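These protein sequences, in sequence, are chains A and B. Heads up: the first sequence begins at 1 in my numbering, then just goes up one per residue. Heads up: the second sequence begins at 1 in my numbering, then just goes up one per residue.
The reader is advised that the hints may include incorrect statements.
[Claimed, not checked] Just so you have them, the derived chain B footprint on chain A, three or more residues with Cβ under 8 Å: (1) 53-61; (2) 80-94; (3) 139-150.
[What the hints assert, rightly or not] Take a look, some chain B residues computed to stay more than 10 Å from chain A by CB distance: (4) Y82; (5) S120; (6) T144; (7) N155.
Please keep in mind that the hints were generated in silico from the structure rather than gathered at the bench. Because the structure is a prediction, the values reported are computed rather than measured. Just so you know, even glycine gets a beta-carbon here, dropped at the ideal spot from N, CA and C.
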Amino acid sequence: MMTSIRKPVSMIASGVFMLAAAMPMAATAGDQPLPPRAPDLAQADQPAGTVFNYLFIAGATFHPLESATAFAYSGAGCIHKTGGSGNLFAHKVVLPEGAVVHYLRLYFFDTSTEKVTAFFTTYDAAGGFNELTSVSSTNDAGGFASTLSPEISYTVDNFSAPINLVANLGAQNNNTLRFCGMRIAYEPPVLDTIFKDGFDPQPL
Amino acid sequence: MNKTISGIAVAAMLFGPASPVFASDGISGAPASAQGINYHHMPGPDMAADGSLAPNGVVANGYLFLAGSAFTPRTSTQTVTYPSSGCSNSSAALTTSLELPQGASILGVRLFYYNSGTPSDVGLFLTTYPGDGSSIDQLTGNSTLNTGYSSEYFNLAVPVVVDNISRAHVLTGVTGGVTRLCGMRVFYSP
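Take these sequences, add in the hints, and give me the full structure.
If you want it as structure tokens, here you go:
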């Protein structure tokens, strides 16, 4: 089965455009801290009682799917497009077998009219893929922000379905739109070693 | 004190010219580098398998070893070359995500690299990013040897506790000149 939302719906932001002053770009690691963003109020992926584990991947560690994609390092673990063709960046996801993925959180800097969209995608390595959830950036006056995907319940199946996180950086070719990372909230698998062979004694 | 792996040297001398050793890392037919005979381990507390040399009270027996060729460029303008053997050279920074269990304590990172005598070095960074535009270089280091394949350990004065809910952890390598990043091995307490 294939569910495709390769091209994100564009132009949610049609109101106020606040272009930030040009931000300094760090050439190497050793970035200078910038003012923090406003807190994100959508915290469904951080419920009280800590039921989730997390996998937090910085945007700078994603790679383009095509060599024709031009991009640069924005600093603070973020990247942005500078031109070329192809808008997609990916990072593999390695989670324990049986873990249940619930949320995908996207971290970004967005003062542009475009947006970056994050996908949680599985493949069958035979031409099929399934984008199980996605979430887009919003034009944010403060620049740095995060958004949360709708909840899913996907059980990791490392036998049959490799997983990628995919970011579509759209048509914006400057640092007014930066991809800074994604965070997966998941339930770890229950490893029942006491009763894994059943409750009754087994003949040796 | 450097430790030379003499077994590899002996094998290389015995079989070098007559029976070339072939790499099996995706570039079939390319001979493995003979410079492997100059492999130096600088000692460090990460070399004790039982963690006995780790800071007091810490049981440290966790390792995550990532090859240099698994690091990716973070710009499209930089050049990247692959000499062989899991090592990469690039004109700008190469990065990879560091994925460790929640609550693990990172004690240090061993840098594996190749430098055949140039004055350049290989830089190492362990950086955390909360996604809000800030960052912290938790550990930085530069290679000091130029005698072929080498490794050096860089210790964290204060262990970094993995916090996957609050920040992404990233390893970055910077190769100067023709030096090569061959890998990083994170030493941590699970």
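Evaluation of the provided hints:
no. : hint    : verdict
1   : 53-61   : holds (count 8)
2   : 80-94   : holds (count 4)
3   : 139-150 : holds (count 3)
4   : Y82     : holds (15 Å)
5   : S120    : holds (14 Å)
6   : T144    : holds (19 Å)
7   : N155    : holds (18 Å)
Violated hints are absent here; each numbered hint is respected by the structure.
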